[in-house]
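Peer 1: Now for the letters of each chain:
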Amino acid sequence: MNLIKLAWRNIIHDPLTLFLNIILLTLGIGLINFILLLNTQLKDKFEKNLADIHMVVGAKGSPLQMILNSMYHIDAPTGNISIQEAKPFLREKHPLIDKSVPLSMGDSHKGYRIIGTDHTILEFYNAEIHAGELWNNLYDVTIGAEVAKALDLKLGSQFKSSHGFTDDVDLEHDHGTLTVVGVLKPTGSVIDQLILVSTESVWAVHDHDHEAHDHEGHEHGDHDHEEHENGHAHNDNEEHDHAHDHEGHDQHEHDHSHDDHEHDHEHDHSDPNHHHYGEIAPRRKVNDLSREHLLSQTEKDITSVLVRFKSKTNFQALNMPRNINENTDLQAASPAYEINRLYDMMGTGTKALQLLALLIAIVSAISIFVSLLNSLKRRKYELSLLRVMGGKPAKLLSLILLEGLILSLLGFFIGMIVSHLCMSAMGDSLYERYNYPFKAWIAHGKEGLLFTGTILLGLTAALLPAIMAYKTDIHSNLSEG
Amino acid sequence: MLSTKNLSHSYKGTQAFNFPDLLCQPSETLLVIGQSGVGKSTLLHILAGILIPTKGEVLINDTSLYKQKTNALDTFRGQNIGMIFQKPHFVQAVSAVENLFLAQTMANKAKDTKRVHTLLDQLNISNRATAKTYQMSQGEQQRLSIARALVNNPKLILADEPTSALDDSNCNEVIQLLKHQAEAVNAALVIVTHDSRLKDIFPNQLELN
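Keeping their order, the protein sequence lines are chains A and B.
Position 115, counted from 1, in the first sequence is what my numbering calls 134; the numbers after and before it change by one each time, with no gaps.
Position 181, counted from 1, in the second sequence is what my numbering calls 388; the numbers after and before it change by one each time, with no gaps.
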């Protein structure tokens, strides 16, 4: 019958008190650990994905929303901007800009966002191809590692995109089947969660979709059809009533720098009920993914542009966002600044939560203290008995400290398990919200600190009762008993 | 063998108790009787090594109790002195048999399962070994406390009013068991009591007044 066993027996001798203590400890430690799990992963997500992007340019609106949308792929776009407007930032050889990349969004597949862009985006996230190739053709997609894993997509897999960012079959586009031609290596950044296509593919999918959605006739509808029919070679899909073609449309896009009608269709990706274009094109080459070609389509729309400056400390570069905001219809925002703002906002919330958790932890310490003190009163005679049987004062001290220690250990492990279980249970809904796979069974690196804290809490709560046990006056206790 | 010399004790600000010298040989029983308030408990605690007397000396065999250091005294007490109380007290959280094991480990002695079970058999409570002590009858509890006092084969057994809570048949049984067990380990037995039923059984008596 060693001390540890005796301490353990003493603890479980009073199940109700044990229950109360463990509930409080679990709550306190579990909450702290949960916040740590969530915070580290969120912070990790935000920091990993800064990707040396120094500026994001998009439509006017909330700068934070634009950053969240363009860099973290959470939240809706602020709107669209025309290539004409974005041209200065997309230009290669801009004196201040090292590289920039256009993003077009509005569609998703099973919750994973489809981003129309060019290959420059890979340089931002240091992404490399793992299998297959990059998206060079219309309706080609190259998918992030996480997408491939989660949706079990392989080279050659085909799917249709859905309008909007939620997984909703009803919003599936009727046209434009996308084909997986490549899978990227895992990077740990947001690109793992993206489905990458050419900007043209996004335009095209939407064009067809509008057609399908809008047979009643849109204000631009007939006009567009006519234009297509008149202006371009006909495609092979003439069986459609509207008898206009996407092949032609695509060609048209490539061949002409201006298409007065097309740009109308791109304005609002988030509105399913708008312009339509001709029937669908079969898979064919996008001949030109070059920046020059993109910039030639000045009336088309994209969502935003990610920019990396040559030097982020350059004075002119630093002033660029402000100049853009003041002098153009565009909005520019600095990710670092906005994310810090976000931290500040989240900070208040998590601080309040952390304070609450700390409070619960303190209450649990008080609860341990009070219950040990109570049990000491009840066990006064028992402790004297242990002394009579030869137990030294130090042994009684250790006994009570051990009881506090065992309680805190129990609370720590149960709290850890509960918080990880909660994370695991909430993972899916968090994924939907943050577009980031929160891992439930990972370490956040502060476990040691939490463990030490918990142990100290248990020992501190037990210290005074333990000292009282140490000072047990056998003679007077036995005389009373 | 237990002997005392010139023992006296005074609590703060009260008159001192002066105790006559005692002598109790191994296997002998000494009955200490007296009215309440004459210092019976004080004497018992001094003999047990849990109350330092103001004056005098307690010798168990050749060891002077209070000349040892505190830690050594604790171990000495656990190994050489067995105590039985008026109301049996146990560690509630553990079973009857574990209370006996606890007495061994607290005295820094190795766990001796055989000794424990022999005692339980002899005291006729082996069927209650795994019971919680508060589930046992008073007679069983008192027999268990005898077992605990004896588990380390002490040289001295001190019993504080061991029978005052028991009826006549239980009283007789407990006293006989106590006597036999003390003899079996060759221990000196000191019983402090005001129970007149015991006066006829033990001729060796000391009256405090």
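To be clear, the hints were calculated from the coordinates, so they are not data collected in a lab.
Worth double-checking, as some hints may not be accurate.
Derived lysine to any residue pairs resembling SDA-like cross-links, with alpha carbons at most 25 Å apart [as the list claims (entries may be wrong)]: (1) LYS490(A) - GLN286(B); (2) LYS316(B) - LYS329(A); (3) LYS316(B) - LEU428(A); (4) LYS24(A) - ARG322(B); (5) LYS318(B) - ASN21(A); (6) LYS329(A) - THR206(A).
Source: prediction; values computed, not measured.
Peer 1: Mind listing which of the numbered hints don't hold for this structure, in increasing order?
Peer 2: 2, 3
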